[in-house]
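*Asks:* Here's the letter readout for the chains.
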Amino acid sequence: MTISARFVSQRGTFHLDVYFELPEQGISAVFGPSGCGKTSLLRAIAGLDRSTGHLRIGEETWQDESHFMPTHERALGYVFQEPSLFNHLTVDKNLTYGQSRIPAGSRKVSFDDVVELLGIGSLLGRSPATLSGGEQQRVAIARALMTSPRLLLMDEPLASLDYERKLEILPYIDALHRDLEMPVLYVSHDRDEVARLADHLLLMQAGHIVAAGAIADMLTRVDLPLVQGGEAEAIIEARVSGHDDEFQLTFLDSPAGSFTVTGRGVDVGADVRLRILAKDVSLTLVHQSDTSILNIFPAIIDDLVPEGAAQMTVRLLVGEAPILARITRKSADNLGLSPGMEIFAQMKSVALLA
Amino acid sequence: MIEADIVALLVTLKLALVSTMVLLILGTPLAWWLARSQWRFKFILETLVALPLVLPPTVLGFYLLVALSPTGPVGTLTNAIGLGSLAFSFSGLVVGSVIYSMPFVVQPLQDAFRSIGTRPLEVAATLRASPLDRFYSVVLPLAKPGFITAAALGFAHTLGEFGVVLMIGGNIPGETQVVSIAIYDHVEMLEYTRAHWLAGGLLMLSFVILALVYRHRGFRVSS
Amino acid sequence: MKTILLLFALFITPRVLGDELNVAIASNFSSVSPHMGELYFETTGHRAVFSYGSTGKLYAQIVNGAPFHVFLSADVARPELLEQNQIAINDSRFTYAIGQMVLWSPTIEFDSPEILSSEINHLAIANEKLAPYGKAAMQFLSRAGLWDSLQAKIVRGENVSQALLFVDSGAASIGLVSRSQVQFKGGNVYAVSSEMHTPIAQQAVLLIDTTAARAFLALLRSDAGRQVIQKYGYLVP
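Residue numbers (our numbering), protein chains in the order written: chain A, 1 to 354; chain B, 1001 to 1223; chain C, 2001 to 2237.
These aren't lab readings, by the way, just hints derived from the structure by calculation. Among the clues, some could well be false.
[Said to hold, decoys possible] Straight-line Cα separation of at most 27 Å, DSS-like style, residue types lysine-lysine; simulated pairs: (1) K2129/C <-> K2153/C; (2) K1014/B <-> K2185/C; (3) K93/A <-> K1014/B; (4) K279/A <-> K330/A; (5) K2153/C <-> K1014/B; (6) K1014/B <-> K1144/B.
Here chain A stands alone, though its shape is the one from the complex (with noise of 0.2 Å):
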């Protein structure tokens, strides 16, 4: 089952020309610089702004040339950047107001079931007025889900959220993603969000789409300009399998092998992801015995890309998996590195996402 889109719009001096097609499940992050059309592009899906094209979801069309569903007929969710909640109802009031609002025969999800997940329970009875920033949040994240959508869309949802409350609500976004199945897509301008939540991403640039896939794809492709500059990074699907409780270390299985991070919080069995960043993976000929980095494995070269006057950036296949290093091109040259070379990679740093 897909989301096929195509929606082309002018406003003002901003040109709208998107066509994508995304699965109706997991988290698809729309990632782009500001005022490239990333909400442009939430508020067509929704309706909210009308544009030429068409919409399907799965088996229903919501738009298409004859055809416009209005906003308020379509199964989705929406959560805004501003909690916008209704300043004349308390929270269980706004919690119920799209509830009530369709048929009793639809409503999946339980009004328990979303206060249990977004951790709510408590400020049910009070005014939106009194509410912090990220409780407001968590509340318009809950009031979105209880109209039981088939599509939940949501706009930088952190993004009027200081750090603390960002750390706080992220773990439930997550939540959301593993315990309910509705696809998301998620708006966003935060690297550190998308490398975290999503599963596909769509990336955009004055308002067209220039590339969509896999995140851990998307992340590494060297054409794109997410493996620029500092953040370069790549994400690993991986299962907990053990741990070492005398030297507190966590280990894990994944496509590009078995890896050893620190710490011990997660349980065996747990689907966690992982994050290397490129400056964090250094390269050698030969495998390094005699050195503190646990995390070392066999890799062959994909590509390589320079990275500044200085620097290079390699695309490494280490085992199905892809990941960066990013070296200087001096010793790109030193080690007379080219595509389809058998090299190994040290991690220095992996970053353990829950």
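Given the structure of chain A, go ahead and fit chains B and C onto it with the hints provided.
*Replies:* Then chains B and C, alone, in the frame of chain A:
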């Protein structure tokens, strides 16, 4: 003849009530459209609505008299559909009051609607509320203070109406003789005591009504 | 800035040519007064400034100190009161005109007051509590036995001018107004017999004793003045 004064008071209250209700019913969609429309000639309509603020009431009354008479444009219409002439009738006064008090009702409503903005409505749409549903469940509660202001101002303004009624009322006891005219007549006839009673009574009544309204004007969250 | 000051000075400088006279006139006399004013200027060189209103309103203003030199009322009662309260100059009161009331309609054809018993939408009169023509209308209608039956159709203007406006605009189809108001208009006129109501004797009084004021009152009694008054639909004593 205190009875005549009480009758005048009742006519006045009835006029204010009916006019305010008519204005709320007509004014709400108008104010809503004015608050939301982007039409570049919208200012023409806004000017028309605001005109009674600056027109001397007697000017308004004069034109109304001419228009409502059987030979005038409105009069010929009302005659044709069997309503007779509206001049010198309570209904005619309602028409006059509605025009006279329109800006006092439409402007607060328009401001209240505008200050709500579009976001609450978009949110409501994503929560499956149809346009009419959004209006009742979101706009009206959020605009409640504006409605109360509009109703209070419209009511109070009509209570004090004089110039328009002078022109088109014909001073008919029980029908078009309102308190302002009665006070004026008492003064003319040097019946100052009665004028005092009537004027004082109206003042106190207006004060009490407005005070009650403003007391409940505040914004309360419903649970 | 200089221009503004100059203009301001011009506006507040009193006019030097001749004296100015402030005359309070009952509104029904408004058709006569411009011509009287012209005659006044021709004969005396003074200018008369007229303020119109219902007799009752003008009376109230005078009692409260309005600076009129002369008051031309539409009745006897008000000038009498002014004399009694010593606001008017003694022995200055006299009848300057006798009003004639007519039944008038620009649209309906009729010969007699019988028309009032048939289908008319409204009958306009001046408010009988405030205006002499209104009082006369009430007296006439009562003596003709029509006062009670017509109550539902009677509309009252604040003065006889407003009563005329009601009929003129078509809002009321017929009215009891003064002959002078409709003297030169078209439409149908029925002169109400002066036996049907107390004569509408219109009296004038002197309020502020000046040469110009006395001259005006004298003009009203002169042959030339009386001619003008009669020309515009009044009788003279």
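*Asks:* Each hint: holds or not?
*Replies:* Here is how each hint holds up against the structure:
no. : hint                : in the structure
1   : K2129/C <-> K2153/C : 17 Å, holds
2   : K1014/B <-> K2185/C : 40 Å, violated
3   : K93/A <-> K1014/B   : 39 Å, violated
4   : K279/A <-> K330/A   : 15 Å, holds
5   : K2153/C <-> K1014/B : 21 Å, holds
6   : K1014/B <-> K1144/B : 24 Å, holds
In this structure, the hints that do not hold are numbers 2, 3, in rising order.
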